[in-house]
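Novice: Sequence:
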Amino acid sequence: MRVLLVEDDRSLAEIIVAGMREQQLSVLVASSVREGRERAELGHYDVIVLDVMLPDGLGFELCAWIRARKITTPILMLTARDAVDDRVKGLESGADDYLIKPFAFRELVARIRALARRRPAITDREHQVADLCVDLASHSVSRKGTTIRLTAKEFALLEFFVLHAGVVVDRAAISAHVWDENHDPFTNVLEVLVRRLRRKIDDDFEPRLIHTIRGAGYRFGP
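Numbering (our numbering), first residue to last: 26 to 247.
A few of these clues could be false.
As the list claims (entries may be wrong) - Each pair of labels, with its calculated beta carbon distance range:
no.	residue 1	residue 2	range
1	GLU60	ILE125	17 to 25 Å
2	HIS236	MET26	39 to 47 Å
3	ALA93	SER57	42 to 50 Å
4	ARG221	PHE130	20 to 28 Å
5	ASP229	ILE125	55 to 63 Å
6	GLY44	ARG224	33 to 41 Å
7	ARG221	VAL192	15 to 23 Å
8	ILE238	LYS169	23 to 31 Å
9	SER165	LYS126	42 to 50 Å
10	ARG142	ARG224	32 to 40 Å
11	VAL217	ASP156	23 to 31 Å
12	ILE238	LYS178	16 to 24 Å
13	ARG150	MET26	14 to 22 Å
In case anyone wonders, no lab produced these hints; they're calculated from the structure. C-beta atoms are modelled at their ideal positions from N, C-alpha and C, and glycine is treated no differently.
Given these sequences and hints, build the entire structure.
Specialist: What follows is the structure in structure tokens.
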């Protein structure tokens, strides 16, 4: 399970991340509204956890922005303010649940798992880019009617590309999706994986779909 945590309190974030990893949860951390927007738009998560008070704005605003972008990932708000108006504001901005600080870590994990279970099934499970067909639910891939078999990491990379088709995505965002935020994006592991995927979906077909954008990352599409 992948979680995006938007929390500017570094000490608290480190405690939450350490605890979540013990629970086999993969966590990506953002510390501001700006960074949270970037992570939410480029990543694919099972649950997003937002703190209300952030250095460059409010979590309510970030929550509303996420919903305006048609991102349906369940959102859990963290707030130190136990006021009915604040809780209502969070829910009205698009949050699915809230948790008041200080909280028991076990409750945080329980709420995250509950939100992930309640998440509706993917409606757009089937995606097509040019003549490449990808079913995100069954992990089936084909091009020009030819079935293509991918490893788990190759499919995770392709999934990220398909969900961001036409957009230039950087190495850090790709690495966070395929591995986690601790993966060093400056190693050549990503390039090796991209080459493997290219051999399977591009080398024997036209047009090529994976494009390297020098100094920026990659773009997926014809």
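Novice: All hints, please: hold or fail.
Specialist: Here's how the hints hold up against the structure:
1. GLU60 x ILE125: 17 to 25 Å: Given range 17 to 25 Å: holds, Cβ gap about 24 Å.
2. HIS236 x MET26: 39 to 47 Å: Given a distance of about 31 Å, which is not inside 39 to 47 Å, the answer is violated.
3. ALA93 x SER57: 42 to 50 Å: 18 Å, violated
4. ARG221 x PHE130: 20 to 28 Å: Cβ of ARG221 to Cβ of PHE130: about 39 Å, so the range 20 to 28 Å is violated.
5. ASP229 x ILE125: 55 to 63 Å: 56 Å, holds
6. GLY44 x ARG224: 33 to 41 Å: For GLY44 and ARG224 the Cβ distance comes to about 40 Å; the hint holds.
7. ARG221 x VAL192: 15 to 23 Å: 22 Å, holds
8. ILE238 x LYS169: 23 to 31 Å: 26 Å, holds
9. SER165 x LYS126: 42 to 50 Å: 44 Å, holds
10. ARG142 x ARG224: 32 to 40 Å: 37 Å, holds
11. VAL217 x ASP156: 23 to 31 Å: Cβ of VAL217 to Cβ of ASP156: about 26 Å, so the range 23 to 31 Å holds.
12. ILE238 x LYS178: 16 to 24 Å: With a Cβ separation near 22 Å, ILE238 and LYS178 satisfy 16 to 24 Å, so the hint holds.
13. ARG150 x MET26: 14 to 22 Å: 19 Å, holds
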